[in-house]
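S.K.: The listed protein sequences derive, respectively, from chains A and B. In terms of my numbering, the first sequence opens at residue 1 and continues consecutively. In terms of my numbering, the second sequence opens at residue 1 and continues consecutively.
Keep in mind the hints are simulated off the structure, nothing from the lab. Keep in mind that this is a model prediction, so the values were computed, not measured. Misleading hints may appear alongside valid ones.
On the chain A side, residues computed to face chain B include the following (Cβ under 8 Å) [stated by the list, open to error]: (1) Phe-42; (2) Asp-44; (3) Val-67.
Straight-line alpha carbon distances no greater than 25 Å define the calculated DSS-like cross-link-like pairs of lysine-lysine that follow [claimed, not checked]: (4) B/Lys-352 to B/Lys-289; (5) B/Lys-270 to B/Lys-90; (6) B/Lys-52 to B/Lys-289; (7) B/Lys-52 to A/Lys-91; (8) B/Lys-352 to A/Lys-54; (9) B/Lys-352 to A/Lys-104.
Using N, Cα and C, we set each Cβ at its ideal position, and we do this for glycine too.
Here's the letter readout for the chains.
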Amino acid sequence: MAESYPEDLSYHPEHDWARIDGDVATFGVTWYAQDALGEVVFYDPPEVGATVTKDQTYAEVESVKAVSDVFAPLSGEIVEVNGALADSPEKVNQDPYGEGWMVKVRLSDPGEVGTLLDVGAYRDLLT
Amino acid sequence: MTGSLPATLSSTAETLRRTALYDRHAARGARLVPFAGWEMPVQYEGVIAEHKAVRERAGVFDVSHMGQVETTGPDAEAFLQRLLSNDISKLAEGAAQYSVLCRGDGGVLDDLFTYRLPGDGPRFLTVTNASNHERDYAWLAEHADRFDVTVTDVADRYAMLAVQGPGARQTVAELADGELPARMRTATRTVAGAEALVCGTGYTGEDGLEILVAPEHAGALWDALLAEGVAPIGLAARDTLRLEACFHLYGDDLSLDRNPIEAGLGWACKLETGFVGADALRGFEPKDKLVPFAFTGPGIPRQGNPVQTEHGEGVVTSGTMSPCLEVGIGMAYVPVAAAELGTPIQVDVRGKLRDAEVRAKPLYKNPS
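Just need the whole structure built from these sequences, with the hints factored in.
M.R.: In structure tokens form, the structure reads like this:
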């Protein structure tokens with residue numbers, strides 16, 4: 001897919017996004033991240049129930065060449081993982097904001113949302 | 001997201017060398033990265049697509065970063081017999097031979113192909129790894145004193161293109177003026193209008209050719225190959241292809257800390273020739289052996305991952321996801337008792353123990 005950064009997402013400087021829906025947020029990696037990484041060939045999802053902490057890693061994605069940590073943009077408890085990525089990790093490249101989502105998290109501190117970047121600020125970071 | 005990205009994305013202060021094809025790589029949108037002091041294309045379309053293009057059709061690699069050393073003079077054969085591990089007296093004119101360059105203690109300085117070129121007197125061309133070229137040349141020059149030879153660094157005289165895959169030979173034949181050399185042979189031909197040293201060698205496990213031309217002719221040859229439908233391939237796919245074929249990579253699987261017997265290269269070491277390092281290898285009983293392995297479950301092995309076996313510990317030297325087998329594969333030094341085919345081993349991938357087994361070479365062979 002072509003480079004894009006949806007307006008309705010919140011961004012973390014480590015190239016992760018969050019889609020906020022009440023007290024639950026969906027996390028994934030940005031177009032920039034998947035492009036830099038190359039074709040994703042392995043994703044080992046974390047466990048449902050695990051705690052994630054803002055700015056800390058919660059998973060790894062692997063390309064043929066490299067392993068990269070995925071950072072949590074916000075803190076909370078994992079309530080769902082994208083199991084489809086185990087068989088089809090390439091969805092992270094093909095649809096990073098849709099089918100390539102990684103985890104859903106029940107937020108422990110919704111106030112953290114204010115620390116994330118809007119699309120304009122994130123785009124500025126990339127230039 | 002972090003990981004090994006910064007190394008490839010960051011600009012480097014050092015001055016990187018560029019091959020004669022740099023502008024073509026850049027114009028084609030290749031991702032260019034520092035490699036052994038050179039700015040090289042690591043990928044074009046994508047590593048998996050490039051890997052499969054070589055396995056199914058034909059691909060071309062710019063390997064102009066590799067070095068060349070020419071050895072001439074009356075003692076050229078005796079000199080190379082003393083420095084290279086293989087038996088150079090068995091290397092016929094127009095043929096290629098693989099060998100290792102050892103230190104006196106048997107540690108591996110480099111692994112190399114040497115070609116005996118036709119001519120009035122003895123003339124050999126040895127191809128070095130880019131990262132080792134200067135050290136190799138210095139080592140050879142330092143040992144040349146007691147021989148009537150001329151050892152010349154000729155790396156700047158050549159650009160080198162590797163054309164590999166089941167369709168490679170036929171494509172090059174359409175651009176060449178005569179019959180192409182067979183596997184492990186070499187011949188001078190005119191290819192795409194330029195004089196070329198064509199060699200029946202490669203680093204992918206596929207049939208193919210390596211073509212050395214003067215740098216000013218590399219662009220026309222590259223363009224002609226691409227016009228014939230050959231896919232440009234980056235260094236990332238070169239690595240996955242060579243690992244499926246179980247070819248060693250210096251710096252990963254070979255180093256000064258390991259000798260060629262441990263590395264499974266005893267077949268290229270003819271101790272009776274008395275090469276530098278042979279004394280250290282005579283009677284050497286390895287504790288560890290380099291073996292290929294494949295994962296039997298999920299995960300991807302990476303260089304440096306610890307290995308656990310029933311017979312002791314080992315270490316992964318090369319690892320990747322195999323695009324053809326679609327499992328994690330690699331090579332590891334393991335205790336000799338664990339080197340038997342089919343031995344179950346476990347690889348500690350950042351704290352997770354992944355199941356694997358020792359496999360035969362090559363890990364993947366094209367069925368066609």
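S.K.: Decide, hint by hint, whether the structure agrees.
M.R.: Hints versus structure:
1. Phe-42: Holds, because the Cβ-Cβ distance from A/Phe-42 to chain B comes to roughly 5 Å (cut-off 8 Å).
2. Asp-44: holds, 7 Å
3. Val-67: holds, 5 Å
4. B/Lys-352 to B/Lys-289: Cα-Cα ~24 Å, so holds.
5. B/Lys-270 to B/Lys-90: This hinted pair holds, its Cα atoms lying about 11 Å apart.
6. B/Lys-52 to B/Lys-289: Roughly 30 Å between the alpha carbons, so the hint for B/Lys-52 and B/Lys-289 is violated.
7. B/Lys-52 to A/Lys-91: holds, 20 Å
8. B/Lys-352 to A/Lys-54: holds, 24 Å
9. B/Lys-352 to A/Lys-104: OK: B/Lys-352 and A/Lys-104 at ~24 Å, within 25 Å.
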